[in-house]
Amino acid sequence: MRERAAALPMPRTGVDSALAANPARALLRRFMRNRSAFAGSVLFGLIVLLALVGTRATPYDPIQMDIPNRLAEPGLAHLLGSDHYGRDIFSRLLAGAHLSLLIGLISVSLAVSSGLLLGLPAGYFGGWVDMLVMRVMDLMLSFPSVLLALGIVAIAGPSLFNVMLAVGIASVPSYTRLVRASVLGIRGLPYIEAARALGSAPLRIITRHVIPNILAPLIVLATLGTAGAILTGAALSFLGLGAQQPTPEWGAMLSEARNYMRLGWWLTVFPGLAIAITVLSLNQLGDGLRDLLDPYMRNSP
Amino acid sequence: MGTYILKRLLAAIPILIGISALVFFSLKLVPGDPLSAITGDAVIGKEEADRLREQYGLNDPLHIQYLNFVGRAIQGDLGRSLQFKRPVIDEIRAQLPATLQLTAAAMVIALTVGLGLGILAAIRPHSLLDGLTMSIAMAGVSFPSFWVGLMLLLIFSLALGWLPATGTEGFERLIMPAATLGFGAAAIIARLTRSSLLEVLQQQYIVTARAKGLSFVKVVFRHALRNALIPVVTIVGLQFGNLLAGAVVIETVFSRQGIGRLLVTAILGRDFPLVQGVILFVASVYVIVNLLVDLSYALIDPRIRYA
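These protein sequence lines are chains V and H, in that order.
Taking the working numbering, the leading residue of the first sequence gets 1286, the next gets one more, and so forth.
Taking the working numbering, the leading residue of the second sequence gets 3, the next gets one more, and so forth.
Bound-form chain V, shown alone (with noise of 0.2 Å):
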């Protein structure tokens, strides 16, 4: 996560011809051109469709125990099997497609705006808030982030919403140190010293003029960070902190499929398989995501 930090954009400062014309569609056509980014972005909608469909439908009750069909192996009638309580694994797997989904999304929105909070007056005033800001980042950067998400398990206690808090809070630091880094970047250019001239509230720059500049390389963090938060949710939810039984959050999942896995290769496969491609989508778009946004890297092969 952090070594990531460091090789991302910074905000867009110099003219860009290929935006000159029409911007809007000179970055459409760029996105479908770039492969990383297009084959994520189209497997992740994917996901994200089929996590839709879960929550209305899924093909077998996703909860309801059914013995006599246990272990049945992946086939017409169980499309992926079933397991050791009889429970159709792909229904699992749909029914929990938005678990995982929402821990990314929760546990970054949590990040992002907590970094925006935190890094622009650090960024935009300097002096002590920046001061103190930081430090307080230090401290949090001083622990292995999946050491600090633990601990924050450890005083709320196991739960899914406490895991997504923690996985939130964690990676406050990181947002927090992008957002700062990104406004002191454009801090002194041209068109903010115009805009604080003709007399505008700090307020209304930060919002108006800071905010647009500094999305790009955000954007780019909050990509790969939903990647990484829904990774160390499952991780989480594996060790039985966060989803319980009978909860099909893929984590969990794994973590009562690994005490069967004798019985049955397509027990442990499916749902490990389900997290990793989620997380693979995530990190290709955030990746081919950098490539486009980051000036710097444009025109390099």
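Rather than coming from a laboratory, the hints here were simulated on the basis of the structure.
Ideal Cβ placement from N, Cα and C applies to all residues, glycine included.
Here are some, though not all, of the chain H residues that point toward chain V, as calculated from beta-carbon distances under 7 Å:
id, residue
1, I17
2, G20
3, V32
4, F145
5, P146
6, L152
7, G243
8, N244
9, A247
10, V251
11, V277
Guided by the hints, dock chain H onto chain V, whose structure is given.
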């Protein structure tokens, strides 16, 4: 160099103080009577409770409690575990060797595989080999480590029967956990090595070396790698922390002993003195390792020493 080392050492002190304060005060946020953290589930009378409160200093103001906590921690006293009924430090000491073994082995794998793949990919950018190694690296950062571990178990223990599935003792029980843990770090190291080496290979002194007639391999290993590896060194320190934290998951997957499993057991059992002790211990180790990395960084790159 001497002043640099001294400066870095002194800078680590406030961080350690901050960590201990954060750990101490955040665990005070746990709802409930702090006395129950000492007595556990045992039912005791009011007089006994008052006596214990006095004995453990729970009537003191918070900042005094904190100072006492730090004072005891420096002497190696991290309190007593509620579950195991013995000092936290003894529990940590008993579990530490297994975790150190695991993280060290994982680091060796991560460095060998990560550097190897990263160099290979950078030497022939945009080739089939580059595509393949970078796909492996993408899998390394995207696949959940606990799932990779389960897949290794499925293949090498259950299907082929080559390696024992669980346990702590012996080399054959270390291979799969270390490989699983090292995979993620290897992926990050490979990606960074590739991009860093590609950048260095475009520098003019590389062109000069090539123009002199040096072979490409020599240029890469003699001239380019030295500079390309500087950012990699920083990552290694950060990755060490991730490996320690990752051990929490891996030890659970393979039912291995270690600090990680100790922490999970402590959290699930609401054993707060143990949670507090393990987190404080791991975070301190992490700070010290990063300090050492910073120092070695100065050794490698003179620009840092004199900046």
